[in-house]
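Asker: Chains as they are written, first to last, in numbering that gives the first Met the number 0: chain A, 0 to 215; chain B, 0 to 232; chain C, 0 to 242.
Everything labelled a hint here was simulated from the structure, so no lab data went into it.
Where hints are given, some of them may not hold.
Quick list of in silico lysine-lysine cross-link-like pairs, DSSO-like style, CA-CA up to 30 Å [unchecked claim]: (1) B:K94 x A:K1; (2) C:K232 x C:K200; (3) C:K232 x C:K17; (4) C:K200 x C:K2; (5) C:K227 x C:K2; (6) C:K200 x C:K227; (7) C:K2 x C:K232; (8) C:K131 x A:K211; (9) A:K212 x C:K131.
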Amino acid sequence: MKDLELIVDSMPFLLQGLGLSLLLAALAAAGGIMMAVVLALLRLSSNRFLSGAAAVYVNFFRSMPLILVIFWFFFLVPMVIGRPVGSFYSALIAFTLFEAAHYTEIIRAGILSVSRGQGWAAAATGLTYGQSLRHVILPQAFRNMTPLLLTQGIILFQDTSLVFVVSLSDFLTTVTIVARNEGRLVSMYVFAALVYFALCFAASRVVGGLQKKAIR
Amino acid sequence: MHYNWDWSILLQEPYLQWLISGTGWTIAVSLAAWVIAVTVGSLIGIARTLPNRMVAGIATAYTEIFRNIPLLVQLFLWYFVLPEIVPEPLGHWIKRDLPLPEYTTAVIGLGFYTAARISEQVRAGIQSLSRGLSMAGYAQGLTLTQVYRHILLPVAFRLIVPPFTTEFLTVFKNSSLALTIGVLELTAQSGQISEYSFHSFEAYTAATVIYILITMGVTAVMTVIERRLPVAT
Amino acid sequence: MIKLSNIDKWYGAFHTLKDCSVNVSRGEVLVICGPSGSGKSTLIKCVNGLEPFQGGEITVDGVSVGAAGTNLPRLRARIGMVFQNFELYPHMSVLENICLAQLKVLKRPRDEAEARAFALLERVGLKDHARKLPSQLSGGQQQRVAIARALAMDPIAMLFDEPTSALDPEMINEVLEVMVQLAQEGMTMMVVTHEMGFARKVADRVVFMDQGEVVEDAATDQFFSAPKSDRAKSFLSRILQHV
Numbered sequence: 000m001k002d003l004e005l006i007v008d009s010m011p012f013l014l015q016g017l018g019l020s021l022l023l024a025a026l027a028a029a030g031g032i033m034m035a036v037v038l039a040l041l042r043l044s045s046n047r048f049l050s051g052a053a054a055v056y057v058n059f060f061r062s063m064p065l066i067l068v069i070f071w072f073f074f075l076v077p078m079v080i081g082r083p084v085g086s087f088y089s090a091l092i093a094f095t096l097f098e099a100a101h102y103t104e105i106i107r108a109g110i111l112s113v114s115r116g117q118g119w120a121a122a123a124t125g126l127t128y129g130q131s132l133r134h135v136i137l138p139q140a141f142r143n144m145t146p147l148l149l150t151q152g153i154i155l156f157q158d159t160s161l162v163f164v165v166s167l168s169d170f171l172t173t174v175t176i177v178a179r180n181e182g183r184l185v186s187m188y189v190f191a192a193l194v195y196f197a198l199c200f201a202a203s204r205v206v207g208g209l210q211k212k213a214i215r
Numbered sequence: 000m001h002y003n004w005d006w007s008i009l010l011q012e013p014y015l016q017w018l019i020s021g022t023g024w025t026i027a028v029s030l031a032a033w034v035i036a037v038t039v040g041s042l043i044g045i046a047r048t049l050p051n052r053m054v055a056g057i058a059t060a061y062t063e064i065f066r067n068i069p070l071l072v073q074l075f076l077w078y079f080v081l082p083e084i085v086p087e088p089l090g091h092w093i094k095r096d097l098p099l100p101e102y103t104t105a106v107i108g109l110g111f112y113t114a115a116r117i118s119e120q121v122r123a124g125i126q127s128l129s130r131g132l133s134m135a136g137y138a139q140g141l142t143l144t145q146v147y148r149h150i151l152l153p154v155a156f157r158l159i160v161p162p163f164t165t166e167f168l169t170v171f172k173n174s175s176l177a178l179t180i181g182v183l184e185l186t187a188q189s190g191q192i193s194e195y196s197f198h199s200f201e202a203y204t205a206a207t208v209i210y211i212l213i214t215m216g217v218t219a220v221m222t223v224i225e226r227r228l229p230v231a232t
Numbered sequence: 000m001i002k003l004s005n006i007d008k009w010y011g012a013f014h015t016l017k018d019c020s021v022n023v024s025r026g027e028v029l030v031i032c033g034p035s036g037s038g039k040s041t042l043i044k045c046v047n048g049l050e051p052f053q054g055g056e057i058t059v060d061g062v063s064v065g066a067a068g069t070n071l072p073r074l075r076a077r078i079g080m081v082f083q084n085f086e087l088y089p090h091m092s093v094l095e096n097i098c099l100a101q102l103k104v105l106k107r108p109r110d111e112a113e114a115r116a117f118a119l120l121e122r123v124g125l126k127d128h129a130r131k132l133p134s135q136l137s138g139g140q141q142q143r144v145a146i147a148r149a150l151a152m153d154p155i156a157m158l159f160d161e162p163t164s165a166l167d168p169e170m171i172n173e174v175l176e177v178m179v180q181l182a183q184e185g186m187t188m189m190v191v192t193h194e195m196g197f198a199r200k201v202a203d204r205v206v207f208m209d210q211g212e213v214v215e216d217a218a219t220d221q222f223f224s225a226p227k228s229d230r231a232k233s234f235l236s237r238i239l240q241h242v
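Just need the whole structure built from these sequences, with the hints factored in.
Answerer: Following this line, the structure appears as structure tokens:
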């Protein structure tokens, strides 16, 4: 009972943390997907240098632990910019660049899932490469890969908990602060697990529904 | 941008020693967690395809729970919460006598988390086989166990093994989370070098290079193994 | 109008087209036939540059297809093409399928493009289906929409790549009828097909291909009554014996 009171009392603080987690995930997903579209197109380009460079980017970030990437950008971003910009921005840049690599593989597969004939048909009516991408290929690719993009978004939301290592006040960090101040580690961590589970499970159910609809 | 470059610090003691021991711990956590993940994950994955509703339901619940809670939260549950909620003697034993407590907890947490991911791939591999295949087995009078043992698992094996190796790389990268409960693995050590020496760039570069080299090595071995596997259709 | 001279094409080490030469004059209907894998689909895709080729030259209305300076989109906009698998854009309605290139390539105003689309849909007998998605139509209907989509660009010639081979038998005729009508109106056409009845009825000339080569190029009557090569004879006997 006392634990429940503690949670209710700390709710504004905890909600702030949850808001930060969701915001970080949403912004990094949006930025990451935009970057990934470009990277995927480079990856598929017939220019060996461009596709090679995109492949190096993708493989580089895919073989690094996210925590190390976070460490890197907490050190690099203020140094490159020349002044402290706040840890939220460092985290946002780290997550965006990291997620872009993961989204690239999804988007590349999505583009490849659109049959070659569609590209032919678009070209045969005189559409340029850019026009056929914009009007014919990408809309279909995005429709095919929406479930995967959303699933990756759920993983990204879970990954935002890693900013704990740099003490940015996301949900898990605020939970930990309350837990330590009040000496209620057990109930607070169980509460955090329940909240993450409820959100992620509900979201994955929605994605599953979309997927079934898409197959039909 | 002003920065004092000194790559030689990586070869100075104690930093070199830290990097080596960090790499060692990273590999030790990853390998042990991966063994747990593959074992538990295969069992759960197979269980999810069984005709027994209850068994399949429990296995599915396992997967849903373990993949919808962030790994970091799961590590905290194993490390801070579990010893408090088990019967007291066991809790005492965990807190006082468990050998290498941080390492063991990290291995178990990472292993059970990854098992959920692997179970998903094992299930998908088995379910991708046509229903006619198992029916042909039952029609000849084979039992459920025999159908799995002689037909489904051997055929699904070729589909399932590549994800196993890919998951090793996932475990390998996720092993860095062990630093949050005090395992001094590679990422932790690079962070520590950065703090002590103020040469963050060199420290992080060293860790990055080691991660990439090991990833490339594992990928190369994976490709060889995959090429040698018999192709099932 | 369409002139292919000594075309050579390789897929890696595989020589898919060997020294192929074919001419189509204005208003002519040319049928290309041959066993599967003979290179006929590849050849027709070279005409509008969908498949690159390594040797020889193709000109369409005097414009070289392979030349580096050629504006391929502009050239393609003038040649209509119909594909084996229809290739309608699944995320767009029938109407939008027909309008897209009119709007984006020809820059026609939307009302003009739609009027043209409705006129063509009426012509292929599908006026009531304008708002449907391709997946709601039968194969034969989809292929007729695809023909309307190509015609909407007011092409100077039409390429057909096995337009009926993905169709159920009962739908083949509705597509062939539209093609016959086009031929009779004087459209320049290059048609890859196995429909020998169609060839007999409207083709001016028939080209027979085998293993990447143009084996025979003859007037239609002559091709069916007295094929010169043994390969064409045996192909015809196999394809016609059940007719």
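Asker: What are the numbers of the hints that this structure violates, sorted from low to high?
Answerer: none
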